[in-house]
Amino acid sequence: MRTLTKTWLAAVAAAILLSTPTTPAEAGDLKDASEIVNRTDAAQYYAAKDGRALVRMKIVDAKGRSQRRQFAVLRRDKKDGGDQNYLVVFDQPADVRGTTFLVKKHASKDDDRWLYLPGLDLVKRIAASDERTSFVGTHFFYEDISGRQPAEDKHQLLETTDTEYVVKSTPKSTSGVEFAHYTLRINKQTFLPSKIEYVNAQGKIYRRIETVKVDTVQGIATITRLKVSDLDSGGYTLSDVSNVEYDMGIPDDIFVETSLRNPPQKWLR
Amino acid sequence: MRCLAVVALVFAALAVASGAFAQSEISETPEEVAGDVEPSDDAGEDDWGEFDEWQEEEGDSSGGKASAFQFGGFVEGLTGARVVRSSASANEFTAGEARFRLNLDATHEIASARFRGDVYADAVTERVWFDIRDASIFVRGGNWFNMRVGRHVLTWGTGDFLFLNDLFPKDFNSFFIGRADEYLKAPSNSAIVTFNIKKVGLDLVWTPIFEPDRFIDGERLSFFNPLANGIGGVGEIIGDRSPLTPVDPLLPEKRLRNGTVHGRLYGTAGAYELAAYGYVGYWRQPTALDLTAMQATYARLATYGASVRGPLLGGLFNVEAAFYDSFEDRDGTDPTIPNSQFRGLVGYERELFPKFQMGLQYYLEYTFKYDELVNNSLWPDYEQDEFRHLLTLRLTQLLLLDNLELSLFTFFSPDELDTYIRPRVTYKIIEPLAIIVGANLMFGRYDYTFFGQLKENTNVYARLRYSF
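Protein chains in written order, with the numbering used here: chain A, 1 to 269; chain B, 1 to 468.
Any given hint might turn out to be false.
To be verified - Every beta carbon over 12 Å from chain B, so not counted as near; a handful from chain A, in silico:
| # | residue |
| --- | --- |
| 1 | Asp29 |
| 2 | Met57 |
| 3 | Asp130 |
| 4 | Lys154 |
| 5 | Ile220 |
Unchecked claim - When the alpha-carbon atoms are kept at most 27 Å apart in a straight line, the in silico DSSO-like pairs for lysine-lysine are as follows:
| # | chain 1 | residue 1 | chain 2 | residue 2 |
| --- | --- | --- | --- | --- |
| 6 | A | Lys213 | A | Lys168 |
| 7 | A | Lys104 | B | Lys254 |
| 8 | A | Lys188 | A | Lys168 |
| 9 | B | Lys254 | A | Lys105 |
| 10 | B | Lys199 | A | Lys49 |
| 11 | A | Lys105 | B | Lys355 |
Derived from the structure by calculation, the hints contain no laboratory data. Predicted model only: the values in this text are computed from it and were never measured. For every residue, glycine included, the Cβ atom is placed at its ideal position computed from N, Cα and C.
This is chain A alone, in the form it adopts within the complex:
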């Protein structure tokens, strides 16, 4: 009886913690690295039930030449930590304006992805691709944008400072990843990462993602400025997120082929 009550209480506690990922952890520091990373995943990729954002990126290569990307994103979660739908509408550069991207992200299998090319009026299905390659020509990887499954890595809590958890994550399988491990510095209050550094087999940090700005939108801590640096080439990409709105009530039925051809303006503006 006692054990049953305890289990029940633990379950309720976990449910409360998971459903309010941005509430400060008042009960003291967390000790379980996996739980910390799960909550980071939830805070970063599953905030609210749905959301919209305008994303601007500036790509700077090693020679100082820069390019821009601008796109609007609509997201709706099917289940926290699980499947999600994304609709991405490109606005810049000029030669890809009107290109749209529909992603049905699956927690346990390859994502389904479609790309719409407006010039040809062609809805192209995209084959599953390496998640750790450039996202639309930026220094971000697909995985940085849609989130890496926490279960793909083993997590170890290295340090707990006054404000941050420091977690080392090592991939369970080295196939398809270019890093030996990476370290996350995670804010104890918001569970958002402040810095992620990727280390190669030689022990060298070759890639870094830094959180530059966090804003509170509708009570939800949201990363609005990020910088990703390719330390080998010297190139980097800055990302700026604006026009964020959560819990708009975006319906599930806009994540269909029709929306690729004709994006739903009601939710984008």
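Since chain A is already given, all that's left is putting chain B on it; use the hints.
Coordinates of chain B only, in the frame set by chain A:
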């Protein structure tokens, strides 16, 4: 003379572009190289400040206004020349054009208007062309119904450069001379109505006035004409030297009953996409013959088909089939009307290495009533085989943060012994400027096969595009 002037202009543009490229290479200063060593904080206030300016520039594009207006487009030069000897065509150039494209978009929550217009000076045909690719209005009637009316480009089906159930107009001249891929599709004046009920969609398209393909008519590209020396004579490849070109086919009368109707019913079952298609109209190319006028014309056609597409072994597969019902000659005995056909396609694509994609397709055309066809044919020696097989291979590699694309697309028919190879390099020099260099290589043992007839058009081309 004019032709030469345009070509000179394009080359001048190319020269300027390569100069700009060289300059940006030189601008690599020692300070910037030093920045590589300590890149952690090189994004200073200035770097981020740019976003604030950027926001102001476009502040009104998403600020809750009733409607938004956008414009864009590009300027492009294209030069292409034959690299093989051609006895049929006097003009050695397959392309020489300077093009201006304007894109306009007005967007409202429930309606939007779109314009895509090209004007280009074409040195090959010595004309200035206006080509409105899109002038259409879209209306959204809730989540379950919408429509687009006007002139626009339409596409559906699962093939890669192979169209079975897509009977919308295509422009094969553009495809074989190195214009951008989008020009393979030609616009039509059509209305499309879409109904969405849960996960099922229904598209109905009506094109009141039949819009044929922009087919190869001999003026720019040469092709095989089995009647070049009359009925029973020896066929030959004809081009701009022949008095029979440009081919001017007899079009269906502009009557209400001569319009074309296309339909598609589609939906998903898990990760698999299923679709059924139908079409009633005409063959897209003038493959019929009007014997009284001795003119090429379009026979009536209905098609029915289906497709499925989904994930398989880390990649994607697609299967598509279509039945071409040439219902004016179901017996297959009328030599002036093409016979009915079955067309099938199986495809598979996947990423072999990061940023390296491979796509394979097998395509089959089976002609019904083949014996009747050959027995009655006006050119039995030149008819395609009962079974025509085609294999395609696509390889695409993206490099330099997707700024450099190496692409190869190959068609090969093992029974017709002909091939078409499309290598292409696309390089985005700086953000608005891209250079594209490629070739269209056609080979064939026989002059009368699908790609073999195009062998005298083998060309290389260069394009330079500035987008805004």
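Taking the earlier hints as the rules, which of them does this structure contradict?
2, 3, 7 and 9
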